[in-house]
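Enquirer: Let the hints inform the model, and build the full structure from the sequences given.
Protein chains: 2
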Amino acid sequence: MAIERVGFIGLGIMGGPMAANLLRAGFAVTVWNRTAAKAEPLAELGAAVAGSPAEVASRSEVTFTCVTASRDVEEVVLGPGGVIEGAAAGSIVIDCSTVAPATARLLYERLAARGIGFLDAPVSGGDVGAKAGTLAIMAGGDAAVFERALPALQAMGKTIVHVGPAGAGQVVKLCNQVAGGLNLLAMAEAISLCRRSGVDPAKMLEVVSAGAAGSWMLQHLGPRAVAGDFAPGFMVDLMQKDLGLVLEAAHETHTPLPGTALVRQLFEMLQARDRGRDGTQAIVEALRLLAGEA
Amino acid sequence: MAIERVGFIGLGIMGGPMAANLLRAGFAVTVWNRTAAKAEPLAELGAAVAGSPAEVASRSEVTFTCVTASRDVEEVVLGPGGVIEGAAAGSIVIDCSTVAPATARLLYERLAARGIGFLDAPVSGGDVGAKAGTLAIMAGGDAAVFERALPALQAMGKTIVHVGPAGAGQVVKLCNQVAGGLNLLAMAEAISLCRRSGVDPAKMLEVVSAGAAGSWMLQHLGPRAVAGDFAPGFMVDLMQKDLGLVLEAAHETHTPLPGTALVRQLFEMLQARDRGRDGTQAIVEALRLLAGEA
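Residue numbers (the numbering used here), protein chains in the order written: chain G, -4 to 289; chain V, -4 to 289.
Incorrect hints may appear among the rest.
One copy or two, it doesn't matter: identical chains are merged, so the pair holds either way.
List time: in silico DSSO-like cross-link candidates among lysine-lysine, alpha-carbon distance up to 27 Å [claimed, not checked]:
hint	residue 1	residue 2
1	K198	K126
2	K33	K153
3	K198	K153
4	K198	K33
5	K198	K236
6	K153	K236
7	K236	K33
8	K126	K236
9	K126	K153
Calculated from the structure, these hints are not laboratory results.
Expert: Written out as structure tokens, the structure reads:
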């Protein structure tokens, strides 16, 4: 009954290393990517390359999707040649993209009507966590489906939590982006005050990271922000996509998120200056703009 | 030349356990507190109790002060019967309070005129860190004075960094409060969105804490906030005192800190409802008020 054949659709910065970790864990992996060239490194590691998402699903007990936006996942799962055309009843589809909770619920229902299980299982931990197999994975869907899929998830992540029914994984991922975005603002305002007060921000980061105001962002992205290294990591454009989903979901429940709304406006300043492909640590540049420094 | 005789003025939630750790490390400790009863537990541990701050300083090579506000530290150091009246030339005064950087510079100059060394050395890590001797300590002042005082600081803290000249310790502490305050808002907005979307916030905290959006606040205060446990820790009233210092210092350098200003307004909502003695995790209650839940 253990899962042996796994599919992976979407071999980008996150999906590529996640699929590679499934291969290393001993699963038979079939892959597909919109831009076919991205499948080549996986083929070299031993993956089979399919001609369509439907073909991936027809060869897999569990099929992962890891794409960018709601419309992308709807297309590869429900569109022509999509997963739903190839997946057998009793198989499982797991979407690791960050999309609207409503999209996750739609996919769950459409697949359930064919007897196919579905989990929304977005991830956190960046390309570093994807490569190391240490992602945090937040899964929504049926508990029995989660239990059955767990060995495959364990090949890619370290902290793997079934957080509730369909859509709950995406809700938790949106909460993750709320917290991450505000932790970035915390980092940026601390660096700005420190610099403009004439104190070395590298020393500030060293000691503040060790106390009650410490965070992953301060520790990992603070030094890059101080050094002026704005290479992504996680791009401003993608963060804005996610914060758009956050504020949409918050509006549906009339949940005021004044801090998150502010973070979105600061990233808007960067996008307005064609810096959407910078890493999110570039939020320090928005504060420099506010202060008339640039 | 090693320091043997140490004084401690201000035996509150932080100062009491810090003085106890100096005793445990083998220093001869003399203490004084405005409310004399708070000196008794230290006397039982072997501390001498002096009749005034001046007497503490006259018996000590290094004298610590750990009080609440700028006016308190000015009074115990510069006021009648204050440290400056008893401290010998060549001795050292170290203020661990969180006060304005300008106050630290004033104390440095007034003491330097008498040949007395001064460090501003505020701390982070809360009562837990004070008891465990694991505080983060951010010290401003002369490097030679820092080096000489280091063994005494090591009895109380774990990460101890000389961050720059007089006042720099307080600047870094204010940066710490900026980051801590916004990390609290991150925690609160994530919990609010999660709850109002019908997902269990305890599961959200478990998985988000493990990823790139993790922070000390989310990990340590998130569970208390979710459980409705608002006992301090660190009180809203004291956070507001510190955020007042932050915004004053930011104004002097014309540094826009829109997120920190927002955090201050949310805590203002709690103070308006007589909840200033709650712990800072009560910021989740401000978001409930915004959402019309209370």
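Enquirer: With reference to the structure, classify each hint as holding or not holding.
Expert: Each hint, compared with the structure:
In this assembly of identical chains, K198 and K126 lie within 27 Å of each other by CA distance solely across copies; the values are 25 Å between and 30 Å within a copy. Taking CA atoms no more than 27 Å apart as the test, K33 paired with K153 passes inside one copy only; the shortest distance there is 26 Å, against 47 Å between copies. Taking the closest pair of Cα atoms, K198 and K153 come within 27 Å of each other only across two copies (15 Å); inside a single copy the shortest separation is 32 Å, beyond that limit. For the homomeric pair K198 and K33, neither the shortest alpha-carbon distance inside one copy (41 Å) nor that between copies (35 Å) is at most 27 Å.
In the homo-oligomer, the alpha carbons of K198 and K236 lie at most 27 Å apart only across protomers (24 Å), although the nearest pairing inside one protomer, at 33 Å, exceeds that limit. Taking CA atoms no more than 27 Å apart as the test, K153 paired with K236 passes inside one copy only; the shortest distance there is 26 Å, against 40 Å between copies. Taking the shortest Cα distances, K236 and K33 sit within 27 Å of each other inside one copy (23 Å), while across copies they are farther apart (55 Å). Proximity of K126 to K236 under the C-alpha cut-off of 27 Å is restricted to the intra-copy arrangement: shortest distance 23 Å within a copy versus 44 Å between copies.
For the homomeric pair K126 and K153, the shortest alpha-carbon distance inside one copy (12 Å) is at most 27 Å, but the shortest distance between copies (33 Å) is not.
When each numbered hint is compared with the structure, a violation occurs for hint 4 only.
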